[in-house]
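There are 2 protein chains.
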Amino acid sequence: MQAEIITIGDELLIGQVVDTNSAWIGQTLNKANIRIKRINSISDDAEEIKSQLKDCLNRSELIIITGGLGPTKDDITKKTLADFFGMGWRTDTTVLSQLEMFFKSRGREMLEANKLQAELPEKCLTLMNDWGTAPGMWFDVDDKVVISLPGVPFEMKNIIEHRAMPLIMKKFIQPELYHKTIVTINVPESLLAKKIESVEDSLPSYIKLAYLPNMNMVRLRLTGSGDNDIKQEIDAYAKQIIDIVGENVVVDEDITMPELIFRMLNAKGKTLSIAESCTGGLISHQMTLLPGASKVFVGSVVSYSNSVKHHQLGVESTLFETVGAVSEPVVTQMAIGVRERLQTDYSIAVSGIAGPGGGSDEKPVGTVVIGVSSGKNTVVVRQHFIGDRSHVIGRSANAAFDMLRKLMLEELDE
Amino acid sequence: MQAEIITIGDELLIGQVVDTNSAWIGQTLNKANIRIKRINSISDDAEEIKSQLKDCLNRSELIIITGGLGPTKDDITKKTLADFFGMGWRTDTTVLSQLEMFFKSRGREMLEANKLQAELPEKCLTLMNDWGTAPGMWFDVDDKVVISLPGVPFEMKNIIEHRAMPLIMKKFIQPELYHKTIVTINVPESLLAKKIESVEDSLPSYIKLAYLPNMNMVRLRLTGSGDNDIKQEIDAYAKQIIDIVGENVVVDEDITMPELIFRMLNAKGKTLSIAESCTGGLISHQMTLLPGASKVFVGSVVSYSNSVKHHQLGVESTLFETVGAVSEPVVTQMAIGVRERLQTDYSIAVSGIAGPGGGSDEKPVGTVVIGVSSGKNTVVVRQHFIGDRSHVIGRSANAAFDMLRKLMLEELDE
Chain A
41 MQAEIITIGD ELLIGQVVDT NSAWIGQTLN KANIRIKRIN SISDDAEEIK
91 SQLKDCLNRS ELIIITGGLG PTKDDITKKT LADFFGMGWR TDTTVLSQLE
141 MFFKSRGREM LEANKLQAEL PEKCLTLMND WGTAPGMWFD VDDKVVISLP
191 GVPFEMKNII EHRAMPLIMK KFIQPELYHK TIVTINVPES LLAKKIESVE
241 DSLPSYIKLA YLPNMNMVRL RLTGSGDNDI KQEIDAYAKQ IIDIVGENVV
291 VDEDITMPEL IFRMLNAKGK TLSIAESCTG GLISHQMTLL PGASKVFVGS
341 VVSYSNSVKH HQLGVESTLF ETVGAVSEPV VTQMAIGVRE RLQTDYSIAV
391 SGIAGPGGGS DEKPVGTVVI GVSSGKNTVV VRQHFIGDRS HVIGRSANAA
441 FDMLRKLMLE ELDE
Chain B
41 MQAEIITIGD ELLIGQVVDT NSAWIGQTLN KANIRIKRIN SISDDAEEIK
91 SQLKDCLNRS ELIIITGGLG PTKDDITKKT LADFFGMGWR TDTTVLSQLE
141 MFFKSRGREM LEANKLQAEL PEKCLTLMND WGTAPGMWFD VDDKVVISLP
191 GVPFEMKNII EHRAMPLIMK KFIQPELYHK TIVTINVPES LLAKKIESVE
241 DSLPSYIKLA YLPNMNMVRL RLTGSGDNDI KQEIDAYAKQ IIDIVGENVV
291 VDEDITMPEL IFRMLNAKGK TLSIAESCTG GLISHQMTLL PGASKVFVGS
341 VVSYSNSVKH HQLGVESTLF ETVGAVSEPV VTQMAIGVRE RLQTDYSIAV
391 SGIAGPGGGS DEKPVGTVVI GVSSGKNTVV VRQHFIGDRS HVIGRSANAA
441 FDMLRKLMLE ELDE
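In order, the protein sequences belong to chains A and B. Whatever position you read off the first sequence (first residue = 1), add 40 for the working numbering. Whatever position you read off the second sequence (first residue = 1), add 40 for the working numbering.
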């Protein structure tokens with residue numbers, strides 16, 4: 041059974057908006073063992089939509105469309121679908137009364153364009169939208185299904201989770217599909233492939249290995265579908281890979297670095313503070329995106345200027361002239377300073393040159409000094425990352441989390 | 041003239057990776073007046089790639105493929121393209137010697153898999169990769185062009201900017217296409233559409249208006265192609281819209297909030313500090329992603345715990361019990377505290393309940409108090425945002441930047 045996504049909107053094609061919806065839908069369906077075959081991003085154009093939908097219905101059983109359901113004139117998806125399926129219109133009174141409540145509770149006048157959002161193609165099933173004014177729609181097309189959803193990410197997610205998925209699960213029952221992910225750091229993709237070549241060559245044809253490099257990390261994903269033993273079989277191959285890759289394996293689950301650090305800290309009831317210079321708040325942001333972050337994360341000082349490094353973190357001012365802000369002594373004092381002042385068990389500190397300006401022969405763009413500190417130990421390492429500004433910042437964050445992971449593993453084992 | 045993008049990789053389909061490449065390519069080509077007609081994300085499967093490429097060549101003149109060029113066995117794009125075009129192989133000696141230098145300079149052994157990256161389909165033009173080991177490839181197919189690029193974003197961007205674009209510009213000369221973007225805040229899409237209905241209805245058929253809602257902001261994009269007067273004509277419609285929408289217009293260019301704030305501060309030589317609680321570092325991160333951020337941004341305190349709000353920002357401890365951390369008095373003291381301690385001209389402070397936990401009847405999830413402060417004024421506003429955690433955080437950041445924009449406009453006009 042195959043599924044496809046159609047995302048509608050010129051803003052995607054001219055790059056004004058990044059399509060994050062498709063990744064989320066892919067993830068969600070994948071957990072239910074439904075495979076997305078293609079993601080198709082097309083223009084707000086009725087003929088394009090119809091032609092794409094026709095192609096998709098020839099190839100796949102489930103088609104999820106996002107976008108173009110808003111109240112404005114450039115939103116043509118609903119009309120185009122009614123046209124495509126040759127359907128008339130109906131007023132959905134449940135949607136209409138929900139809309140009335142929505143505007144009343146916000147003290148806003150309900151416009152004609154809003155009222156029209158309760159007008160739906162005759163034979164579609166309504167998927168109620170708890171968080172917005174455009175409902176989702178479910179069309180049964182023989183044994184296939186077309187779902188149309190608003191493009192606003194949190195509205196779309198809510199409808200899929202609470203309205204569409206239960207119906208999808210009921211309609212399409214899937215054979216077992218199993219993924220196992222191994223997250224590695226600091227081994228380039230080609231070297232990793234060389235190391236695990238013997239395992240890869242021994243994989244049976246129904247188990248697939250994918251390399252997903254991102255920043256200084258590579259995710260290895262083993263996937264297979266088959267009988268009940270597939271999980272056990274894939275886990276055995278994963279174990280072989282983990283034994284070979286050794287200390288460069290971060291975790292054998294599909295979780296992110298911040299999730300892993302949060303889990304490790306939370307399990308031991310430990311707290312974290314961060315002193316960020318070149319990463320400028322990214323590490324703190326990644327931690328605080330996690331619900332419940334306050335259980336482990338206390339706070340940070342984004343010490344972009346040397347004055348803040350000195351006054352808020354206690355870095356000696358003379359160091360900026362003698363060794364410079366991007367140096368082991370400064371980062372050591374940043375790490376200890378933030379941990380002591382914010383009174384946490386652990387800390388991270390980062391200072392570097394993210395570029396494009398600011399580099400020198402001695403410290404080229406991409407030079408980053410990273411430190412982690414506990415009451416017992418402070419570890420500081422100088423690294424050099426290749427790439428543009430956002431890449432250097434992102435790699436620095438990953439490397440910092442990994443250093444903290446190692447320090448915690450050492451200390452918590454004692 | 042139409043272009044399409046094909047992104048290859050199962051990681052996109054199962055949502056392990058968000059496709060940011062397509063948006064960047066769309067933007068870049070759009071600046072050169074080349075329109076992306078479709079973005080197609082497909083599996084690492086030779087038959088899928090060939091079938092998709094065939095469809096694309098039937099519809100479009102330029103096809104840009106990303107992904108599947110790495111050194112590992114799941115990277116099949118190069119082989120599939122050689123097969124599709126019926127080409128033999130050649131060794132590109134320039135690529136080979138660049139690879140040798142690449143590994144020598146990093147002190148890494150060059151593996152057989154790396155050497156193979158210099159083997160290219162016979163009749164393709166090599167697009168050198170300055171930052172990685174997989175070169176790009178340019179295939180001339182009658183009067184059409186197929187370009188294959190690595191999926192690693194910074195490598196792909198570098199090749200497009202420095203290698204592919206000059207050749208694309210030479211090959212395809214485009215008619216004038218003009219975009220004008222108006223960024224608005226705090227007006228829901230449907231209300232905005234109602235306000236500017238008369239302008240929208242008066243637009244000629246060759247000028248298109250699109251609404252791009254994101255968080256609490258809507259971007260309005262006017263687009264047209266035609267003769268030399270199109271710019272003047274679109275600007276005149278834009279002016280009508282701006283007059284109607286009034287103070288809810290943030291800027292009449294396609295720039296982001298952080299870019300606007302950076303530009304305003306930099307023009308007047310003013311500095312900024314930030315105290316972040318519920319936004320957890322996002323506002324600082326958005327500022328510091330901009331090259332040269334240090335000219336205006338001094339630093340931040342991410343005061344996630346009340347202890348940090350008290351010790352690092354000077355918020356009176358009694359307030360946490362009397363009015364709570366999400367309150368006007370606390371945010372006022374955060375804003376003044378960070379500005380005074382970090383010695384900046386302006387400051388932003390945010391404290392709120394991002395959810396999913398932590399809400400109460402009096403302060404439900406989504407309650408956010410935002411403050412901005414200068415030497416002369418401190419303005420604090422309570423807002424309520426609807427949406428999930430990342431949405432509340434993102435909306436808070438946008439609202440905070442907008443409050444600072446207004447404060448600066450008032451004060452700098454004096």
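A couple of the hints might just be wrong.
Keeping only pairs whose Cα atoms sit at most 16 Å apart, straight-line, the calculated EDC-like set for lysine to aspartate or glutamate is [claimed, not checked]:
| no. | chain 1 | residue 1 | chain 2 | residue 2 |
| --- | --- | --- | --- | --- |
| 1 | A | Lys234 | B | Glu149 |
| 2 | A | Lys77 | B | Glu240 |
| 3 | A | Lys77 | B | Glu237 |
| 4 | B | Lys197 | B | Glu240 |
| 5 | A | Lys248 | B | Glu240 |
| 6 | A | Lys211 | A | Asp180 |
| 7 | B | Lys248 | A | Asp123 |
| 8 | B | Lys197 | A | Asp428 |
| 9 | B | Lys77 | A | Glu87 |
| 10 | B | Lys234 | A | Asp123 |
| 11 | B | Lys113 | A | Asp114 |
| 12 | B | Lys77 | A | Asp267 |
| 13 | A | Lys220 | A | Asp269 |
| 14 | B | Lys235 | A | Asp269 |
| 15 | A | Lys235 | A | Asp180 |
| 16 | B | Lys279 | B | Glu240 |
| 17 | A | Lys235 | B | Glu240 |
| 18 | B | Lys234 | A | Asp114 |
| 19 | B | Lys234 | A | Asp85 |
| 20 | A | Lys113 | B | Glu237 |
No lab work stands behind these hints: they were computed from the structure.
Task: Numbered hints the structure breaks, given as an ascending list - done: 2, 3, 4, 5, 7, 10, 11, 12, 14, 15, 17, 19
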